[in-house]
Structures are given as structure tokens and as C-alpha cells.
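Chains as they are written, first to last, in our numbering: chain A, 1 to 113; chain B, 114 to 228.
Simulated from the structure, these hints should not be mistaken for laboratory data.
Don't be surprised by glycine CBs; every beta carbon is placed ideally from N, CA and C.
A hint or two may mislead.
[Claimed, not checked] If you want a taste of the chain A side facing chain B, the calculated C-beta under 7 Å gives, among others: (1) Arg41; (2) Gly42; (3) His45; (4) Leu46; (5) Leu48; (6) Ile49; (7) Arg80; (8) Ala81; (9) Thr84; (10) Tyr95; (11) Asn96; (12) Gly98; (13) Gly99; (14) Phe103; (15) Gln105; (16) Gly106.
Residues per chain are reported as follows:
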Amino acid sequence: SQQGEEDPQALSIQEGENATMNCSYKTSINNLQWYRQNSGRGLVHLILIRSNEREKHSGRLRVTLDTSKKSSSLLITASRAADTASYFCATVPIYNQGGKLIFGQGTELSVKP
Amino acid sequence: GAGVSQSPRYKVAKRGQDVALRCDPISGHVSLFWYQQALGQGPEFLTYFQNEAQLDKSGLPSDRFFAERPEGSVSTLKIQRTQQEDSAVYLCASSLDGTGGTEAFFGQGTRLTVV
Chain A
1 SQQGEEDPQA
11 LSIQEGENAT
21 MNCSYKTSIN
31 NLQWYRQNSG
41 RGLVHLILIR
51 SNEREKHSGR
61 LRVTLDTSKK
71 SSSLLITASR
81 AADTASYFCA
91 TVPIYNQGGK
101 LIFGQGTELS
111 VKP
Chain B
114 GAGVSQSPRY
124 KVAKRGQDVA
134 LRCDPISGHV
144 SLFWYQQALG
154 QGPEFLTYFQ
164 NEAQLDKSGL
174 PSDRFFAERP
184 EGSVSTLKIQ
194 RTQQEDSAVY
204 LCASSLDGTG
214 GTEAFFGQGT
224 RLTVV
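Just chain A, same shape as in the assembly (with noise of 0.2 Å):
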């Protein structure tokens, strides 16, 4: 079953406006990952947050954590078409040993020219 909820499950917007995603999430985290996956292919690691830090940055990437609302969310600054693509948050798990990884259901960002 899915750990986390994603919102909003579709996203579409101009070349250059920002995109906001949020997750939020069931149990208590070691980590939490968003992945890019573009149609038909693999997924793709944007960052890593861990559950004792609150923000960071990658690139035009940036990610907030709160452990307290158990949500997190995903900024894309100055998109581009080349982002066009789903995004997913990933969790894993405090009682979890090896890493599985517990998915949302998605966001579909579709970013026009």
C-alpha cells in the first residue's frame, strides 16, 4: 500500500513559472526522496532529505521537510519543458532496515513552451 498522498496529482504551467508539489506521509521517516520519472522510462533521484534536516537545495530543486505535519514538499524554480515529467516522494521508514522504499501515487507536472 502507499505511504504518502501527493498533491496536486496533476500540475501544468508556462516555461518559467515555478512548480510546487507536496507529499505527505503516514510513519515516522529515516529519510524521504523525490524521483523524476519521464513517460516510459526509469526513476530518476532528484534529493534526498533526511528527517533531522528541514531544507535543501539542488539546482533549481529545492525540498522542505516537517516531520511535526509529516509533509513535505517540492520546488521547481524557472521551469522548463524538459521538466515535464512525473514526480514522486519517497519514504523510508524508521523500522525499516535496507532502504525499501515507500512510494506516492505521483504528480504529473506537464510545463508548457
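Chain A is already provided as a structure; the job is to place chain B on it using the hints.
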């Protein structure tokens, strides 16, 4: 190779047929995972290996599903007597260690269609 490799990329099986899906993880990666992804959904965990040991198979949907990693590198996911509900993309991932604190690298997946 530089990444996780899965074969075949596409597989069409007749209902009742057995299939075997192969995963070549990144060399030296301790952890290997199998996930099942239905259309429009997020991946769902199937099973996990640390080296050759299968430490978690809680996500396997039935006893028709079997996975192995006998020498701690290549892994095979076998599905016996395939059913239509088995149609999905099967993703393999590997990670460097078994701590859960490092990123996972995914293969392109095998798209299984059961007709």
C-alpha cells in the same frame, strides 16, 4: 555497465505462461529491490535483497512470484502462471549499502503485458 540494466524491456505473455525478468544492478551495490508499477500509480515494493540474502519479501502479491539473487549480483524475478492482473512495469533498483540512507538507482523497467 554504468547503470542498472533490466531485460527484457517488454514482455508479452499468454495467461498461464511463466516469465522471468532479469536485473543487473550497479557493480558493488549491496542492496537490490524489485518494485511493481501499475499504470498511473507509484511503484509498489515487492522484495529486497542484501547481497544474496532476501531480507524482505512482504510485497510479493502471491506465491506465484519468486525472486532470487544467488551470487549477490544479478537478480531474477519469476512469475509463474501469469494472470492479467500481473500486467505492470517491473522496476529493479540498487543502492550502495543496506542502511537506507543512500539513493536508489533504478533500471528502465520491464513492461509485462499478460494477454
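So, going through the hints one by one against the coordinates:
{"no.": "1", "hint": "Arg41", "result": "holds (6 Å)"}
{"no.": "2", "hint": "Gly42", "result": "holds (4 Å)"}
{"no.": "3", "hint": "His45", "result": "holds (4 Å)"}
{"no.": "4", "hint": "Leu46", "result": "violated (9 Å)"}
{"no.": "5", "hint": "Leu48", "result": "holds (6 Å)"}
{"no.": "6", "hint": "Ile49", "result": "violated (11 Å)"}
{"no.": "7", "hint": "Arg80", "result": "violated (22 Å)"}
{"no.": "8", "hint": "Ala81", "result": "violated (22 Å)"}
{"no.": "9", "hint": "Thr84", "result": "violated (16 Å)"}
{"no.": "10", "hint": "Tyr95", "result": "violated (10 Å)"}
{"no.": "11", "hint": "Asn96", "result": "holds (6 Å)"}
{"no.": "12", "hint": "Gly98", "result": "holds (5 Å)"}
{"no.": "13", "hint": "Gly99", "result": "holds (3 Å)"}
{"no.": "14", "hint": "Phe103", "result": "holds (4 Å)"}
{"no.": "15", "hint": "Gln105", "result": "holds (5 Å)"}
{"no.": "16", "hint": "Gly106", "result": "holds (5 Å)"}
This entry does not satisfy hints 4, 6, 7, 8, 9, 10, going by the numbered hints stated previously.
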